[in-house]
Amino acid sequence: AGENDYEERRKLNIARNQEILSSLMIQQEKLAMEELKTKEAPKRFQKKEKSAPSEPHPLRRSTRGKVQEEGSKDGEHKVVEQPAETKDVKTLEDIDMRSPASCVADVTGEELTVFHESVRDRGEVKRVSHSDGRAYHAKLKAMALSSQDSVTSRHPPSRVKVVKERIFSMAFHPGREALVAAGDKWGQVGFLDIGSDAAASSWSERVFVFRPHIRPVTSLLHDKEGSRMWSCSYDGSVRCLDYSKGCFSCIFDSDEVMFTDLGMSCDGRTLLAATNDGDLFLLDPTGSRSREPLSVLDVHERKVSSVHFHPTDPNLFVTASNDQSVRLWDQRKVVRSKPLGSLSHGLGVTSAFFAPCGSGKVVTTCNDNYIRIWDSKKEDKVVKVKHNNETGRYITNFRALWDPKSSDTIVVGSMNKNLDIIAADGSYVASISDDNCTAIPAVNAIHCSLDLIASGNGSGYVNVWHC
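The opening residue of the sequence shown carries number 1 in the UniProt record's numbering; numbering runs sequentially from there.
Everything labelled a hint here was simulated from the structure, so no lab data went into it.
Hints are supplied without guarantee of correctness; some may be wrong.
Claimed, not checked - Capping the alpha-carbon separation at 27 Å, the derived lysine-lysine pairs in DSS-like fashion look like this:
1. 384 - 417
2. 338 - 381
3. 245 - 126
4. 386 - 139
5. 224 - 126
Claimed, not checked - Simulated DEER-style distance windows between Cβ atoms:
6. 315 - 459: 36 to 42 Å
7. 394 - 344: 26 to 32 Å
8. 269 - 342: 21 to 27 Å
The C-beta atom is built at its ideal place from N, Cα and C for all residues, glycine as well.
Take these sequences, add in the hints, and give me the full structure.
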């Protein structure tokens with residue numbers, strides 16, 4: 001009888017343990033199912049809702065800023081520090097480039113008058129084309145070799161302090177007497193008056209700096225005649241500098257968007273301003289009709305990093321975006337939000353530019369460490385070039401540019417502090433370096449007729465390369 005009782009208790013224990021184990025397994029399965037149900041679906045790119053502007057908070061300011069004394073080791077003008085209480089106040093008033101009160105650098109009214117007269121009559125605008133790409137590439141290769149061998153027969157790139165902080169944008173005036181403009185992190189636009197016969201040692205005395213914006217100047221753009229220059233900024237304003245009048249005029253301003261780039265059609269009638277919301281603002285280039293956008297075009301789901309018009313067709317333009325795409329548009333049909341063509345990328349795209357010859361080829365720069373040459377007429381024809389584009393937080397994003405004098409030449413900065421030259425077929429032509437280029441040449445501008453390249457870095461310095 002004792003054995004039977006023991007056997008029954010054993011069987012009961014086994015049955016109870018099995019029930020406990022079964023309940024635990026069921027509970028695990030239940031938890032697993034609930035976890036699957038509550039798991040978030042993959043997120044799609046969505047535009048952020050625009051919130052109403054909030055009251056600005058007082059900014060904390062460093063007390064370490066000092067006025068740079070004249071006669072420093074780089075020989076630049078001293079920079080006059082603006083009072084803290086007025087430094088970040090945006091103004092919509094015209095800024096007269098002839099007035100010493102408008103100039104950040106410590107210069108006289110007479111010097112500004114002479115500078116204004118020189119930019120007003122900058123000389124003939126002439127565009128040059130290097131039809132023989134091989135000869136031009138041979139010249140660039142020779143320049144690269146001379147830099148490695150320290151040959152002094154060429155002109156070294158001069159290093160000049162042009163603006164106070166990190167450079168975000170640059171542009172050459174198209175005139176034959178070279179003038180380059182640079183926009184920095186805190187709204188300054190500095191001009192380096194290279195001229196046609198300036199000695200490198202005197203260039204630091206040819207710097208004139210103004211502050212038309214209060215946040216990063218993300219684009220500088222000249223018209224074909226060189227009579228006007230447009231600028232846009234994260235502060236939500238777009239300005240036009242009329243060289244004949246000598247003043248920066250505000251043609252549009254908004255507190256709801258940040259402008260990231262400007263594009264102008266080849267006929268000069270259409271000005272597009274790209275935003276961080278994925279839109280394009282169609283603006284009156286002169287600002288004479290209205291300070292309101294003529295229309296707003298929805299072209300991307302995220303920030304538009306660049307907008308560029310076709311060099312011969314005023315209706316076609318290309319956009320690049322952080323939503324990992326490059327899109328081709330016809331401005332007559334944009335309202336339908338359907339691009340003529342699109343090219344997907346691995347990560348956010350920092351720029352896309354048409355080739356200057358009108359072939360339809362587009363060079364793009366992407367954070368996935370590739371430069372792509374895309375034939376927009378044949379969507380599946382893409383050449384990929386490996387290139388380190390990991391600039392990080394404190395270096396302005398690389399933007400591969402076509403040389404306006406050659407549709408077979410692409411120029412881009414390098415993390416190795418070089419200028420990389422790439423052919424349209426994706427082959428590397430040369431990598432140009434110099435001891436005077438001591439920082440990463442992240443932002444570049446190329447003259448349309450002179451063999452000059454200007455490179456801007458994260459400290460406000462500009463290097464001028466004589467190709």
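* **Given pair status - residue 381, residue 338, alpha carbons within 27 Å** => 21 Å, holds
* Asked: Straight-line Cα separation of residue 384 and residue 417 no greater than 27 Å?
  -> 22 Å, holds
* Asked: So does residue 394 sit 26 to 32 Å from residue 344, Cβ to Cβ?
  -> Holds: the Cβ-Cβ distance is about 29 Å, inside 26 to 32 Å.
* Asked: Given the hinted pair residue 224 and residue 126, is their alpha-carbon gap at most 27 Å?
  -> Holds, because 10 Å separates the two Cα atoms, which is no more than 27 Å.
* Could you check the hint for me, namely that residue 315 and residue 459 are 36 to 42 Å apart, CB to CB? => Given about 40 Å between the Cβ atoms, the range holds.
* Asked: Holds or violated: are the alpha carbons of residue 245 and residue 126 at most 27 Å from each other?
  -> Holds. Residue 245 to residue 126 sits at ~23 Å (cutoff 27 Å).
* To do: For the pair we were handed, residue 386 and residue 139, check the Cα-Cα distance against 27 Å.
  => The given pair, whose Cα atoms are some 24 Å apart, holds under the 27 Å limit.
* Asked: Is 21 to 27 Å a correct range for the gap between the Cβ atoms of residue 269 and residue 342?
  -> Roughly 26 Å apart at Cβ, these two residues keep to the hinted range, so it holds.
Against the hints set out earlier in the document, no violation occurs for any number.
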